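Colleague: Below are the chains, spelled out letter by letter.
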Amino acid sequence: MLAITKRHWMFGLIMISTIGGAEALAEAGMVKSVKGNVTIERERATLTAKPGSLLLVSDTIVTGDNSTVGITLEDGTLLSAGPKSSLSLNKFLFDNTTNKGALDATLKHGTLAVVSGKLSKTSQEAVIYRTPTTILGARGTEFLIETEAKDK
Amino acid sequence: MQIFLESTFRFVTLLFVISTLGACATGSDRIVLLPNKDGSPSALILKTSKGEKILDKPYAAANVAENGSIKPSEQSAESVKANYSDLLSAQPERPVSYMLYFISGTDELTPQSKVMLEPVKAELKARASPEITAIGHTDTVGKDTDNDILSRERATTMRNLLVTYGVSGEHFAVAGRGERELLVQTADGVDEPRNRRVEINVR
Numbered sequence: 038m039l040a041i042t043k044r045h046w047m048f049g050l051i052m053i054s055t056i057g058g059a060e061a062l063a064e065a066g067m068v069k070s071v072k073g074n075v076t077i078e079r080e081r082a083t084l085t086a087k088p089g090s091l092l093l094v095s096d097t098i099v100t101g102d103n104s105t106v107g108i109t110l111e112d113g114t115l116l117s118a119g120p121k122s123s124l125s126l127n128k129f130l131f132d133n134t135t136n137k138g139a140l141d142a143t144l145k146h147g148t149l150a151v152v153s154g155k156l157s158k159t160s161q162e163a164v165i166y167r168t169p170t171t172i173l174g175a176r177g178t179e180f181l182i183e184t185e186a187k188d189k
Numbered sequence: 011m012q013i014f015l016e017s018t019f020r021f022v023t024l025l026f027v028i029s030t031l032g033a034c035a036t037g038s039d040r041i042v043l044l045p046n047k048d049g050s051p052s053a054l055i056l057k058t059s060k061g062e063k064i065l066d067k068p069y070a071a072a073n074v075a076e077n078g079s080i081k082p083s084e085q086s087a088e089s090v091k092a093n094y095s096d097l098l099s100a101q102p103e104r105p106v107s108y109m110l111y112f113i114s115g116t117d118e119l120t121p122q123s124k125v126m127l128e129p130v131k132a133e134l135k136a137r138a139s140p141e142i143t144a145i146g147h148t149d150t151v152g153k154d155t156d157n158d159i160l161s162r163e164r165a166t167t168m169r170n171l172l173v174t175y176g177v178s179g180e181h182f183a184v185a186g187r188g189e190r191e192l193l194v195q196t197a198d199g200v201d202e203p204r205n206r207r208v209e210i211n212v213r
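Protein chains in written order, with the numbering used here: chain A, 38 to 189; chain B, 11 to 213.
Read the hints as simulated data drawn from the structure, not as lab findings.
It should be emphasised that the depicted structure is a prediction, and the values quoted were computed from it without experimental measurement.
Fair warning: there could be bad hints in the mix.
Once the Cα atoms are required to be at most 27 Å apart in a straight line, the calculated DSS-like pairs of lysine-lysine come out as [claimed, not checked]: (1) A/Lys158 to B/Lys63; (2) A/Lys155 to B/Lys67; (3) B/Lys63 to A/Lys155; (4) A/Lys145 to B/Lys67; (5) B/Lys81 to B/Lys91; (6) A/Lys121 to B/Lys57; (7) A/Lys155 to B/Lys131; (8) A/Lys158 to B/Lys124.
Please work from the sequences and hints to get the whole structure.
Modeller: If you want it as structure tokens, here you go:
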């Protein structure tokens, strides 16, 4: 009985994530540099990241041992991730006429360096970086986050 | 069976306590505010289940434990360099903007801006996977509708010119804003050289 309920619940979750994914295929940025092994997890596919690869909303970037990646988002935000990192772009909206929008990203584990772009000037409240324990609001800043892997 | 489960439970609890203690000692997150390259003030606001903290000085840092408690700490240019040099060297190049100016009523560059084109060309060609936008503008002389067309022509001409010079046209967008976004505010019908421009952004 319990198993059936759980399965139904899982099915519901899959449905929700599929619907969410369909409307979220928006371009957010581009991979500018890759060292070593870097992949982009998109929907259920795993793609190899190369300089010039587009980054879409809902993508997760994963770096391997001794690997790094550099990404520029459309508002000019610069992101770089160090070895053994997982970074998800939960949300990215940018209007290049008004320079307004929103950015929400999660560093599940690893290291991330951020140079804030236009969004952190025009839409301060809407620029958020997360780790499993902390929520960071950036106010026109450059900063580093390092977070340890949890049950990974 | 009951006893076995209980002792397993105790063992797991003990493991959990040990790992939590370990995390408290090292902290699960380390966050460092870096100085802005342009020297402007900046701040970072941290929120966890245990509270809030603002970092607002260069190299101010915080260690966050897995349970959410925040401990202030401090880093320096040296320690950041020692611990995060790989990460920082992976940062993409910073976006750059250029302004080019035009002769009244045309899509022809002023002599000074023609000279400026050389460094623009060099920069655009040197970048890895450049994404470029050219945004054209006019002054307030002439009709709005004509200025919309002229501003776009200026941007398109710059794009074509730079592409013939070998700049990648793959991610090179153009737009015209007419006289809607003046650099120098003027009344209608004013010949203002600084408003006749194309802004080239590369990231």
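Colleague: Lysine 121 of chain A and lysine 57 of chain B: Cα distance at most 27 Å?
Modeller: Holds, at roughly 24 Å.
Colleague: Starting from lysine 81 of chain B, check that the Cα of lysine 91 of chain B is at most 27 Å away, please.
Modeller: 22 Å, holds
Colleague: Is lysine 158 of chain A close enough to lysine 63 of chain B, meaning Cα to Cα at most 27 Å?
Modeller: Given that 27 Å is the threshold and the Cα spacing comes to 20 Å, the pair holds.
Colleague: Between the alpha carbons of lysine 155 of chain A and lysine 67 of chain B, is the straight-line distance 27 Å or under?
Modeller: 21 Å, holds
Colleague: Hinted pair, alpha-carbon criterion (27 Å max): lysine 158 of chain A, lysine 124 of chain B. Please report holds or violated.
Modeller: 33 Å, violated
Colleague: Going straight from one Cα to the other, do lysine 145 of chain A and lysine 67 of chain B come out at no more than 27 Å?
Modeller: 26 Å, holds
Colleague: What's the verdict on lysine 63 of chain B and lysine 155 of chain A, does the C-alpha distance respect the 27 Å limit or exceed it?
Modeller: Since the Cα atoms of lysine 63 of chain B and lysine 155 of chain A sit roughly 24 Å apart, the hinted pair holds (cutoff 27 Å).
Colleague: Is the Cα-Cα distance between lysine 155 of chain A and lysine 131 of chain B 27 Å or less?
Modeller: At roughly 24 Å apart (the allowed maximum being 27 Å), lysine 131 of chain B and lysine 155 of chain A satisfy the hint.
Hint compliance for this structure: hint 8 is the single one not met.
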